[in-house]
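Novice: Sequence:
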Amino acid sequence: MHILTSSPPPCGLYSQAWLGVSVLVFRTAPPAEFSPLFRIFAMSSSRIASNEQQLMDTVIPHSPVVKKPSDDGENGNQFEDMMTAYRSIIKHTGDDVERQGLFKTPKCAAEAMLFFTKGYEENLDNILNEAVFDEDHDEMVLVRDIEFFSLCEHHLVPFIGKVHIGYIPNKKILGISKLERIIEMFSRRLQLQERLTKQIATAILQAVQSAGVAVVIEASHMCMVMRGVQKINTTTSTSCMLGVFCDDPKTREELLTLIKK
Numbered sequence: 001m002h003i004l005t006s007s008p009p010p011c012g013l014y015s016q017a018w019l020g021v022s023v024l025v026f027r028t029a030p031p032a033e034f035s036p037l038f039r040i041f042a043m044s045s046s047r048i049a050s051n052e053q054q055l056m057d058t059v060i061p062h063s064p065v066v067k068k069p070s071d072d073g074e075n076g077n078q079f080e081d082m083m084t085a086y087r088s089i090i091k092h093t094g095d096d097v098e099r100q101g102l103f104k105t106p107k108c109a110a111e112a113m114l115f116f117t118k119g120y121e122e123n124l125d126n127i128l129n130e131a132v133f134d135e136d137h138d139e140m141v142l143v144r145d146i147e148f149f150s151l152c153e154h155h156l157v158p159f160i161g162k163v164h165i166g167y168i169p170n171k172k173i174l175g176i177s178k179l180e181r182i183i184e185m186f187s188r189r190l191q192l193q194e195r196l197t198k199q200i201a202t203a204i205l206q207a208v209q210s211a212g213v214a215v216v217i218e219a220s221h222m223c224m225v226m227r228g229v230q231k232i233n234t235t236t237s238t239s240c241m242l243g244v245f246c247d248d249p250k251t252r253e254e255l256l257t258l259i260k261k
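Under full-length UniProt numbering, read the sequence shown as residues 1 to 261, first letter to last.
Worth double-checking, as some hints may not be accurate.
[Claimed, not checked] Cut-off 25 Å, straight-line C-alpha distance, at most; resulting in silico cross-link-like pairs (DMTMM-like, lysine to aspartate or glutamate): (1) Lys172 x Asp248; (2) Lys107 x Glu121; (3) Lys91 x Asp136; (4) Lys250 x Glu194; (5) Lys260 x Glu218; (6) Lys260 x Asp247; (7) Lys178 x Asp136; (8) Lys178 x Glu135; (9) Lys118 x Asp138; (10) Lys178 x Glu218; (11) Lys118 x Glu194; (12) Lys162 x Asp96; (13) Lys261 x Glu194.
If you are wondering where the hints come from, they were derived from the structure by calculation, not from laboratory data.
Can you make the complete structure from the sequences, with help from the hints?
Specialist: Pasting the structure below:
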């Protein structure tokens, strides 16, 4: 067993904030019993991805191209349009967009939005950068507690949490940092947590043609914290299980147990 950076998180799903990323490469026997929440994960995950190729065809192409703004031409005009839109929003809140504290806000907000959505400019081939290696390894690889930030596409406010990724290599392995870059590519878009989970899993499957891929995401949505029901301790969990993680209950249970540790 190899564990990098922080110690594993406490048992229970997942109300505490954890720092660091734990990387584990090992296989253990599945435990005899699981919590009710893990049974729900196991039951629901088998229905998420029964057809991997269909997911690859429908999830990965969801990547409209957005260009960075420039000082001239169409991109510059688009950036000006964004700043104008932010000025209008501030004005309609009832505040004075010309006052000192808000005068530069439209420009800063436009630049921030472009950063929050920079994943539209990226693609899987560039992210991987040939960091797929031949290796005679066929045991589970688990990367746990990867922090991410994304924007809810309904309210344009953040949802924040952790991603856990497991995959079983099929003679090929992926550079560990590339898993985090794949998360970054898809999370830096206007998103739904459900879609984000599938996109990450499908991209990894496409990258290494592994025997199985599993992705579990746990996140807090500011659209439920700052507005609406205003429930500050609510965590939303989603999972996508492909290949052996979908077909083999014991492998799926092993993964969920390791995530829980």
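Novice: Next, verify each hint and record whether it holds.
Specialist: Consistency of the hints with the structure:
no.	hint	in the structure
1	Lys172 x Asp248	holds, 21 Å
2	Lys107 x Glu121	holds, 20 Å
3	Lys91 x Asp136	violated, 61 Å
4	Lys250 x Glu194	holds, 24 Å
5	Lys260 x Glu218	holds, 12 Å
6	Lys260 x Asp247	holds, 21 Å
7	Lys178 x Asp136	holds, 19 Å
8	Lys178 x Glu135	holds, 16 Å
9	Lys118 x Asp138	violated, 34 Å
10	Lys178 x Glu218	holds, 20 Å
11	Lys118 x Glu194	holds, 20 Å
12	Lys162 x Asp96	violated, 38 Å
13	Lys261 x Glu194	holds, 24 Å
Hint compliance for this structure: hints 3, 9, 12 are not met, and every other hint is.
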